[in-house]
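Novice: Those protein sequences? They're chains P and D, same order as listed. Count along the first sequence from 1, then add 705; that gives the number in the numbering used here. Count along the second sequence from 1, then add 61; that gives the number in the numbering used here.
Treat the hints loosely; a few may be bogus.
Examples of chain P residues lying across from chain D (beta carbon under 7 Å, computed) [as the list claims (entries may be wrong)]:
| no. | residue |
| --- | --- |
| 1 | Gln734 |
| 2 | Ser748 |
| 3 | Tyr806 |
| 4 | Phe810 |
From the structure, some residues in chain D lie toward chain P, with a derived Cβ separation under 7 Å [stated by the list, open to error]:
| no. | residue |
| --- | --- |
| 5 | Tyr93 |
| 6 | Arg104 |
| 7 | Pro105 |
| 8 | Gly156 |
| 9 | Phe161 |
In case anyone wonders, no lab produced these hints; they're calculated from the structure. Every residue gets a Cβ at the ideal spot worked out from N, C-alpha and C, and that includes glycine.
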Amino acid sequence: GAVVSQHPSWVICKSGTSVKIECRSLDFQATTMFWYRQFPKQSLMLMATSNEGSKATYEQGVEKDKFLINHASLTLSTLTVTSAHPEDSSFYICSVTPTSYEQYFGPGTRLTVT
Amino acid sequence: GENVEQHPSTLSVQEGDSAVIKCTYSDSASNYFPWYKQELGKRPQLIIDIRSNVGEKKDQRIAVTLNKTAKHFSLHITETQPEDSAVYFCAASSGNQFYFGTGTSLTVIP
Numbered sequence: 706g707a708v709v710s711q712h713p714s715w716v717i718c719k720s721g722t723s724v725k726i727e728c729r730s731l732d733f734q735a736t737t738m739f740w741y742r743q744f745p746k747q748s749l750m751l752m753a754t755s756n757e758g759s760k761a762t763y764e765q766g767v768e769k770d771k772f773l774i775n776h777a778s779l780t781l782s783t784l785t786v787t788s789a790h791p792e793d794s795s796f797y798i799c800s801v802t803p804t805s806y807e808q809y810f811g812p813g814t815r816l817t818v819t
Numbered sequence: 062g063e064n065v066e067q068h069p070s071t072l073s074v075q076e077g078d079s080a081v082i083k084c085t086y087s088d089s090a091s092n093y094f095p096w097y098k099q100e101l102g103k104r105p106q107l108i109i110d111i112r113s114n115v116g117e118k119k120d121q122r123i124a125v126t127l128n129k130t131a132k133h134f135s136l137h138i139t140e141t142q143p144e145d146s147a148v149y150f151c152a153a154s155s156g157n158q159f160y161f162g163t164g165t166s167l168t169v170i171p
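If we strip away everything but chain P, and leave its shape as in the complex, we get (with noise of 0.2 Å):
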């Protein structure tokens, strides 16, 4: 299966500061990537569809300016949570799709806003 990466594993920031996560396929060319936010003791929850060479489709009631995704390679989706606040704390998951029947997870990023 496809090995994704993301990286940080973990970062703390400062309410109102801006924070990016990468999201890297390593062995597969995703065309397209998958941004899941997941609150504890709750599901996934799709964010967003990363797309390369084009804008990101969010998903109803998700703000895509506070949530800036980059798709610029066929390897590397990055989203950037901008000014960002408690509420936004959150274990933050990537994942590639490299067929309908597939779908392999980053390591997950946990993110906590102060």
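With the hints as your guide, set chain D onto chain P.
Specialist: Here is chain D on its own, set in the frame of chain P:
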């Protein structure tokens, strides 16, 4: 979009007993139904999956059943062991987008 519901939210069983988790979905176009196991702070791990052209699939102690007409599918774990304790998520997919159930926290009591 797709709406996936999962029950129960918590489940405790004695070691050796069976555990059953049920999910329903809303989009008849969904054709792929994976189940994931997630341990605290880690990424979800695929444990079993089923495609819409199959009614049942089994892998050792784990089995999944699918009823397309009723739009529901279930995970069955037999002879549960303490290491089965985790959060389990179902998902439904049509194309490349996956929508997850709300999760079931399974506790296997030794």
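Novice: State for each hint whether it applies.
Specialist: Hints, verified against the model:
1. Gln734: Not OK, violated: P:Gln734 not within 7 Å of chain D, min 14 Å.
2. Ser748: holds, 5 Å
3. Tyr806: Holds, because the Cβ-Cβ distance from P:Tyr806 to chain D comes to roughly 5 Å (cut-off 7 Å).
4. Phe810: With Cβ-Cβ at 4 Å, under 7 Å, it holds.
5. Tyr93: holds, 5 Å
6. Arg104: Hint on D:Arg104: holds, closest Cβ of chain P at ~4 Å, below 7 Å.
7. Pro105: holds, 6 Å
8. Gly156: holds, 6 Å
9. Phe161: OK, holds: D:Phe161 within 7 Å of chain P, min 5 Å.
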